[in-house]
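> As a plain string of letters, each chain reads:
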Amino acid sequence: MVSTRNYIAITIMMGVILVLFQFTLLFKENTNEYDVNSHIVATGLTKEDAWDATKDLNCDLVVFVGRADGSIAGNVKQWCTYTKRKFQHYRAMTGYLEEQSSLKQPVAIVVEGTMIDYEKELDALITFAEQGVPVIFSNLPEPSVIKEYPKLQELLGIRKVESELVQMEGVKLFSGFLLGGESIYKEDEDADAGRQDMELEIPWYKTSSGTTTYMVGMMSDSVKDEDLPAIIWRCTNKNGPVFAVNGSYMSDLVSLGILQAMMNEIGDYEIYPVVNAQDFIISNYPGLAAENEEVMMELYSRKQNAVFRDIIWPGMIAINEKNHFNLTFMITPQVDYLDLEEPNDEELVMYLKQLNEQKAEAGLSMEYSKTTNLQVKVNRDSIFFRKTGIGYQFCAAAVAAEDVAQLLTMQDKTIMKNINTLTCYYSSLYPLLSYCTDNITLQCSNSNGVSHTFMEDFRLKGIETALGYSSIELDMNNVAWPQTSDDRWENYYRVFAKNVDTYWKPFVDFDMVTLSESDARVRTFLTMDYEVTREEDSLVVDVENTKREVWFLLRVHNKQLESVEGGEFKEIEDGAYLIHAKKPQVILKTKEDSDLYYSYKGIDGR
Amino acid sequence: MSMTVLTILQFMGAFGAYTLLVLILPSLALRRYLTGRKLPERLLYYFLAGNFYVINLVYLLQLLHISNVFTLVLGTVAPYVILAVRRRKGHMTELLEEINTVLRRLEYRQLGGKTLFRKAWDKCRKKIQDFFTAVFVWCYHNPLECLFLIGVFAALFYEYGVQKFIHYSYAASDVPVHTYWINYMDENKIFVAGVYPFGFHCMLHYIHVVFGMDIYVLMRVFSLVQVIYITLMLLAFLRLCCKSRYIPYGAVLFYTLVNLYHPDTYSRYYSTIPQEFGMVFILPTIYFAFLFLRDRRQELARGDVKKKESLTGLLGFAMGFSMSLSAHFYDTMIVGIYCVGIVVGFCMYVFRRRYFFNILCTGIISVLIAILPLGIAFATGTPLEGSLRWGMSIMNKGSEAVEQQEAQEYEEAQQKSRNTGEASTEEKESETEVIREDISGSFSALTAAGSAGTSAGASGLLNKVVSFNKATVDNINLYVFKEKIGKYKNIFWPLVCALLVFGILAGVLGEKDYSGIVISTAVYMAILTILLSAKHFGLPELMDAGRCSIYWAYSSPILLTFAVDGVLYLLSALMRVDERMSAISFLLTLGVVSELYLSGGIRAIRNVPFLVTNEAATCFSNIVREEQDYQWTICSANDETQMVYGHGRHEEIITFLQELENYNENSKVYIPTRNVYFFIEKVPVDYDGSYDGSGQCVSARGAMYDLPAESGLVHYSLMNRWIVMSKMYFWAQEFSRRFPNEMSVYFENENFVCYRLQQNTYRLLNLAIDYGYNGSD
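These protein sequence lines map, in sequence, to chains A and B. As numbered in numbering that gives the first Met the number 0, residues 0 to 605 make up the first sequence, in order. As numbered in numbering that gives the first Met the number 0, residues 0 to 776 make up the second sequence, in order.
Rather than coming from a laboratory, the hints here were simulated on the basis of the structure. Using N, Cα and C, we set each Cβ at its ideal position, and we do this for glycine too. Hints may contain errors.
Claimed, not checked - Computed cross-link-like contacts, BS3-like style, restricted to lysine-lysine with a CA-CA straight-line distance of at most 30 Å: (1) 558(A) x 681(B); (2) 150(A) x 667(B); (3) 667(B) x 159(A); (4) 205(A) x 667(B); (5) 600(A) x 681(B); (6) 681(B) x 146(A); (7) 185(A) x 667(B); (8) 223(A) x 667(B); (9) 146(A) x 159(A).
Said to hold, decoys possible - Derived list of chain A stretches under chain B, where covered just means 3 residues or more per stretch with a C-beta under 8 Å from a C-beta of chain B: (10) 202-209; (11) 213-225.
Next up, chain B with everything else stripped away, as it sits in the complex (with noise of 0.2 Å):
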């Protein structure tokens, strides 16, 4: 079996898991609270009432200390168990003697256990058959809805998903600590490195501990499942929010597709990191927002007040923005930015008393949900994570504290996983650094073109617009599009005035609700666009502008379909043309895929710089596959170090080569399993970015160097990487001439090797030999 194949297999259990816990599961139990509603609407509701059982769940059971698969199966049977008894409220007699009755023929041997399951098994199944003949009903109906849903998962696949099946590894540095943080979970051991937003780690610590997925293996593949449901999020938010039936396919598939996007909008959606996972959240909690305000204002022109229809909403809406906080508080913070365009949007009526204080109590009582576990945590001694402490920094001391902060906790960090042989935390991860050097050359030009603008026309107003325009639109330019955009660089504010105009219009025409969506979507954007500016404007910098970026980017198809699906609307409106506006819809849809198809606007398939090669990922799967457990270590570069739990041992490169230095008759080093794995690139990957010799073989001239002196990963990082795995390559070579018979090669090709050292656990081989290389001299 190829390791492609594998993946594609890790893969489909991966979503399929994640799909029956947050779709299936759900669906099961609350169908029947949600009849008449929309599909995309009962989907949504569905996906963030499993998201926010299961995370709790985990949350409750860890805090306990009392989470395995026994608990959380149970846990996660309960509310079924809840739901029948309060469905057969008043034949509770006659469920217990039902119960009973099986139990008594199950002792006499009348009934036996497969076909109790069976029969078990035949209810849930037709339930399931139910929800799908339902999709099934709905793609039947919507032919070329199901179409577009299909070319949406096909352009998924096509640009996450080939380039997911054919590298395996991880892409980003701070999987291994994200790998660590969950691996502790299995001895209920949550928060082990600090209270943090736990949401992403509790859902991953299920499926591995309910699925039997390995969590390594989840973090390989998760990533693809994570874009598959931003995307599906983005649509269905689209679909349900917009006028038009087809444009949302169009924005999605303009989004997935075109490259226009800088990389770096998208090139964390090929790792598996809790702000991505918490990126589905956004537009659920805020649609539910809509929705509540939609159906609040309903209930309160029909004279009721029970809420009975809105609680929905208002229940979405705190599951949704609870999760977000759950998952990254990036994730919170465009929630509670769109909330703020909401606010405004929707100004006539938020304030109102019947609507406000539902909100505020709903706002409260999610934050408080979320922060909650995390909360009991810290009153229980556990210290806050040091991510966490500088992200508050920040927005607690603004912008001038920022640099030394960070700087601090860089060095935290860095000690942090010199003791523990860790990657450091995503904050300070290499991708970003790159992309601050890059904006940090860029803001010189920018704040020059400003105050160039500022001194031409001091005093007045338009030349304050202009230069406000031009710096938002040119931090536009630098953070979320590629230079391809060119003449449309300025059209920016004037979709957002357009979007303002469109929503005042849908006001005056009737179309409160679709008004208010508008003009918050234009109010969101518009903030979003400060915030990604910040530090132009010498703001407090809540969110660095790479990652801002990435919101701005996943958020610009809702400004485009507002746009577009406005001047439809009100091309309708004006020309009564209702029933056109489909055809309009779909031809402007199909005219958005022709073009970007035709003109070659499709992004090829990004070539994303793994920190792990594809070798070490197939070495690594069959380690695992082949031996017993604990029978083995794995010396590597880092990234196996957390990779291996609950299998085997982990011993790091830079550790053993330093016992080996200074070598003399006594040295001795032992690593006591039966068989080790020695990772060794003999074309070293460049990691933390490339150096002058990037993509040079491991030579006698590296291994001569002098080992790292530096600490954490900066052993591993740039030219050391290569000083590392040079001289890691010439003691395998020597100690494989001594011990031909004990050293073999396991793997090899002309980019990795990979040795395999079988000893006798009673008389463990000493690896320190002189190799040549031992010391500098």
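The following block holds chain A by itself, in its conformation from the complex (with noise of 0.2 Å):
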């Protein structure tokens, strides 16, 4: 039997604790602000502001010889305005030649392997090579022509020509040339089943001594490691480097981290500036109108929206606080303009409470599958949201690459005017990170997160050396209409979490953020310049047209990074800085590698 003494003590303090419990809930309901974008960072910053080869005089300069229209020279143009080097384009050597005294000493001649005449060039390359500048050979010639000239051989560093076309197993990718550690593409395990997509047919060529190479194709055992195809090395028997890349990888966009790897390689130190963003999007989710219900019914016995809260959500929020993720949800009122279903506005005030909560940011999707077109999407979601009243800024969206163009042509409407910046798979169309209007960034993303093959390993790890940057654009629209087994939720988690815990891994030291604040770093990015000078064992780092806090990538070899005035750096890997720069001159110290441990300050021991 309860005294009454205690019944009342009983009761006061499960009021108490029912205030407690209450309080704190109320207190969150009462003091998130959903209706405002905290991620939104005002840079200021315009297209007009960007750096521009042609207003600095000084940029270092690369030349490159070969196809102004080929894939090969809108990636190095594009990694030339990254590293703030101008792009000079000939269509032949004797071009250049004509022209070369007029210039300052280039930083780097690319050359399209395959479209020298190398009866009247070849002896150019020499020279150049001979006068230490590095040559890049961006693909190399058919190997009869290779053959044919000794000289070029023994320029290349290439030793013999085994075969004119080898199949191989596979290809790897040693350390330390690329970011992101050794790579071994070959289909070994049936995890890997279906991942091989990497060029696995090229010549042969056997590389002579005062060749360093640093990607070789995979063979069965009875080929000495030495005597494996070489893809990517360099040659050092004349005064400047010599690189040369079989295959056409630089017709793709992991050529970015290449022809940085390669710079890196030229000399003991090299230090370029990073966008240092990771960004992770999640498309079309949250979806706020209950469609496809009858699909949704069978394989979750939800409505769409109720598969979204009820069994997505929780794992959206699993993975975001795992990897500490800033994810970008762009948040799509409905695909399929078609039916009856119209979007529920309390369901938008729900997410955007929650990813409040979770410090993501919300943005819209601009994709569409059930309707006739982005114009009618656009209206539709501009009255939806028109109708809910609601003050959110809606900063980023993402489309798809081919309607980008179009919806820049919507911007007067609702949604769009608060639009800073865009997403889109990256395609041909438009450079990895660019300005698509005077105030819009476009911030192409590299990987759905579902799939990932060799390639697209090899092209994360080359994007990530040049830029610090990805972006993982996780497309909802699969779960939401399923097409196979593979889409349904539990299937499609599981895949692109294993994905992001693996392949990610090596580059997680890069900031995770959210669209808006990446589309502040690109900004700066794009504007910044930047001056080395070298003193001693210090470099001093002046950073000009930007105030903002920028990043670089130092990659030292033999050094270690002692200390960086002005900012603050951390290790990424082996000879592989960040440099986060506070200010606008940085110094870093560096010391060698070789400091010994047992000292010895000399005394005459003969």
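Hints given; two lone chains; assemble the complex.
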């Protein structure tokens, strides 16, 4: 029998507990400024402010010899823009030779090996190499041509053309070249099934002494390691290094990383600006209308909005908290504009509150599937958002690459007014990072999170090396409108969680940011310029054109970064440091790698 | 941390380990059996017993191919277990129950491992404390001796320690070959290069395995441990044999500090080599022979025939003789010569039945113990090691055949070195060669002098004596002393005669043991002097004069001590001033030390010609510390060949350069480790003596010469080293130009440069390049 006194005490205690719990929830509810986008970073930078080689007369020069309209030229040009170098194109070596006297010495000559007339231009290339100018063969001529010119073989460091075409089992990328360490691109296990998309048929060149190889083809065990087909290598038989890429890798976006890695190999140090942004975008999520009801009920026994809320959302929170992503969710009010299901504004408020709690950003998805065109979607969505009366500023939008141009014509629409940045899957239509209008940036994503083939992995490493940037855009339309069993949430989640956990792990030192934050960094990155001077063991980096914080990657050989004045640093991997420059001038102090533990000051011991 | 600090710590480790093995642990087991003996006597016994047990334990386990840290520790602990069991005889049940209880408590976690260990340690610590307490008690009661002892240590550290702590590397060319032999003992491959006395190697192997000290470290620092014990044995011997208390300290300080001895008589003390290790056993062995004769005489005088007391001396003699034979035959020869002296000095006793058979049996047993492992190995098909055959051939064939045999052996050793990259054996070492060259020049003068003396009075005995005296004294002066000795050079034979007189007088005065000791010493010194001059007299040169001079110098303090001690003894006996003898001896000792100091007679720290640079030793120590085992290679000139054992790989510079010769596009040279270090002497060391251009830097002129075509270590000797290093330097320069990021400077100063090549082990760099000096043209 409970006494009256105890009864009252228990009741009071329960009341207190109830109030305490409810208070925290009420507090969160009332202080949740869900209709404010806290991720907006006002930089005030526009396309006009972006660095332009034509305005910078002192910038380094990169000469490209080859086709102007080819993808290699595009990639080299893109890389030059990012590294603040002037891109000078010539169709043939003779063109450059004519203008050479009026130009400063290039930091590298990139040639399309297939476009060179070796009869006339080989000697010029050899001369440049002997003068110490790095020469980069972005691809190689036919093996028959190489056989024909022993001087070319010597220049490239090819000892023997073993075979004009060889079938390889895989490709091996050695550590130290691109960020992310060593990779073996060979289908050995079931887990790798279907991932092989590297170029496996290339000419087989055996390299001579004086060469360092960064990537090789893999063959049977009977072939000695030193005889494996070389894919990317450097030859130092002349005064200047000669790099060669055997295959078509320079046509891909990975070339950004390859070029940067080659520059890292030329000197004892290389410092270059990076974006330092890892974006994780969930596009077409959340959906606010209960669409595709029949399939959803069959698969999940729930309507679509309930699936999004009860099944998918906990998974999103889990992966966000585990990996410390700052997710960007691209809300799509509805996908099917032909059905009678309308978006629910209460759902929108609920998600905005949840996103705010998770420190995630909300953007807009401009992708559509069940409507006639983009115009309809933009109009319908504008009406919806206007009707909700929510003041949240949607600054980022996801759009299909082919719709970017059309979307940009609709900037007067309600939902487009605050858009600062667009994102789409990378295609050759646009550079990876650029301004698509004077005020809007375009940040292309390089992964969909679910597919991660060997080439995609190689590309990821290249982009991270060159820019410290990657963007994953996970398309939730696949879950909302599943086509195969792989699109079921549990399968989808498992695959992308595994991929993100595994392949992005080497790059955890780069910042995870939302798309708006990344937009600010991209703007600063595209605007800034820099100058590096060396003073004994110190590197002095003067940041120009911006007063905002910027990031650099420092690659050193046989040295260690000891301290950074005017900023911070962290070691990403052996000899690679991410520098956070907080002031316009940053002084990096290095020390020799070989400072001896047991010291010897010297005494004449003989 | 500086290399000097590291070397000091390493020395302390080696000294501590050796002292633990040969003094502290034996004292724990044997202390109760030696109660009542003098402290120096006990220490000598512990020392011999410790060495004897450890060396024979290693021999046994190696021959059974089961030598490892567990068996060695088990073998070390076994005697203590046996002793404990014996002590508990009749109470074994209780002991087993006690053990059972402990095990059960451990099983039920009532007793933790830490507690058990602490309890065991407390017991051990008490015994160790007792040991040190005894030492401190002795110091307390003998403060002046303690001071002199500190002085002896200070002198040793001054003369040998300072040099060791500022020069970290090898000073003898045969150190690598001994390192090689010891290294293979890790794989239970004793006698890897043939049957050879392995006492020294066994001891170092034990310390290496049980205490975890690398062999190359021991080979660097153990020489100082050796020389400390060599000197301490001399001191203990003199202290036990002399009548006066302080004269031995004066003699030892004189021997350690005086600037009269030829550098070759002590230069080998800077190296860790077997002969010097074996020297520690000579005087303890002799002392125990004296002890046996004394104790036996006293036993027989008491009518005791059971040898209870004299057994200690007999066992000590057996262990010492066996150890000297296990370490180096030369040491055994010296012990043998001293034994001849003992036979003369104690001729009244040794041929008596109750002495002779004991001595004979002990001698035979000790020889058998020493040669048994060698015999087993030889019987199972292991051939004799080259230098052993060389030594035996000298004894068998006499001096005439020596030169021819020497040349043949030398050729064989060079051939072996060519195949294995190791150094030639100690008998071929450069220093000895240099001595011999010097001596050969002097011999002609000596012979001429002898001939002149002979022709002047061919038939006169006096002339013969004069001639003999002159020849021996000249030999002593030539080999043992520096020119400074001047007017004192004729003092030797008078001293020997004086000792004989003192001995006879002591015998007359009833001091039979002292008499025997003094006469034995006189005879020993006389025979040793004849051995030193053997070549001059046309006798078989059982030991070359260069080596013999080391023993002569080591024995000279004994001669001097007994001479002074004899005078003091006679004075005290005649004047009956026993109690004042200590004071006189103290004043004399103080006088000797003061005179040495005031007259500037203390020799300066010797500038020993080290064969490996300090820079190389520094780099090597750092590489071993930093790198993962077997992930690196050192490309250098020979000496690191065996140092890398258990840690990394070694590539000979000469092999490397030979592969680069006649470069063409198909040339391939790979070194299959992630890191490769190239040790290049910018100022090549003078290996095997100096040449016209000694001290010159590597240069293009040097690199233009053809690679030396000779075999063995000749590649790295004299001017060849300059050529090899020049070529290597220019290769490294060219390679680092081509691969600036892969090839970096690891260490550099004006004398030396170490390059580090970091390469991808899955795609090794082809080190064959045209560096401009690939061929003579």
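> Work down the list of hints and note, for each, if the structure agrees.
So, going through the hints one by one against the coordinates:
1. Annotation: proposed proximity of residue 558(A) to residue 681(B) holds, straight-line Cα distance about 24 Å (limit 30 Å).
2. Proximity of residue 150(A) to residue 667(B) is assessed by CA-CA distance (about 20 Å); at most 30 Å being required, the pair is judged to hold.
3. Between the alpha carbons of residue 667(B) and residue 159(A) the distance comes to roughly 14 Å, so the proposed pair stays at or under 30 Å and holds.
4. Distance restraint check for residue 205(A) and residue 667(B): the Cα-Cα separation of roughly 12 Å lies within the 30 Å cut-off, and the hinted pair is therefore satisfied.
5. Note on residue 600(A) and residue 681(B): the hinted pairing holds, with a Cα-Cα distance of about 17 Å set against a maximum of 30 Å.
6. Distance restraint check for residue 681(B) and residue 146(A): the Cα-Cα separation of roughly 43 Å exceeds the 30 Å cut-off, and the hinted pair is therefore not satisfied.
7. Using a Cα cut-off of 30 Å, the hinted pair residue 185(A) and residue 667(B) holds, with the two alpha carbons roughly 29 Å apart.
8. Note on residue 223(A) and residue 667(B): the hinted pairing holds, with a Cα-Cα distance of about 13 Å set against a maximum of 30 Å.
9. Of the supplied pair hints, the one linking residue 146(A) and residue 159(A) holds, its CA atoms being roughly 8 Å apart against a limit of 30 Å.
10. Given as covered by chain B, the segment 202-209 of chain A passes the check, having 3 residues with a CB less than 8 Å from a CB of that chain where 3 are the minimum.
11. Under a criterion of three residues with beta carbons nearer than 8 Å to beta carbons of chain B, the stated coverage of the segment 213-225 of chain A is upheld, 3 such residues being counted.
Hint check: a violation occurs at hint 6 only; the rest are consistent with the structure.
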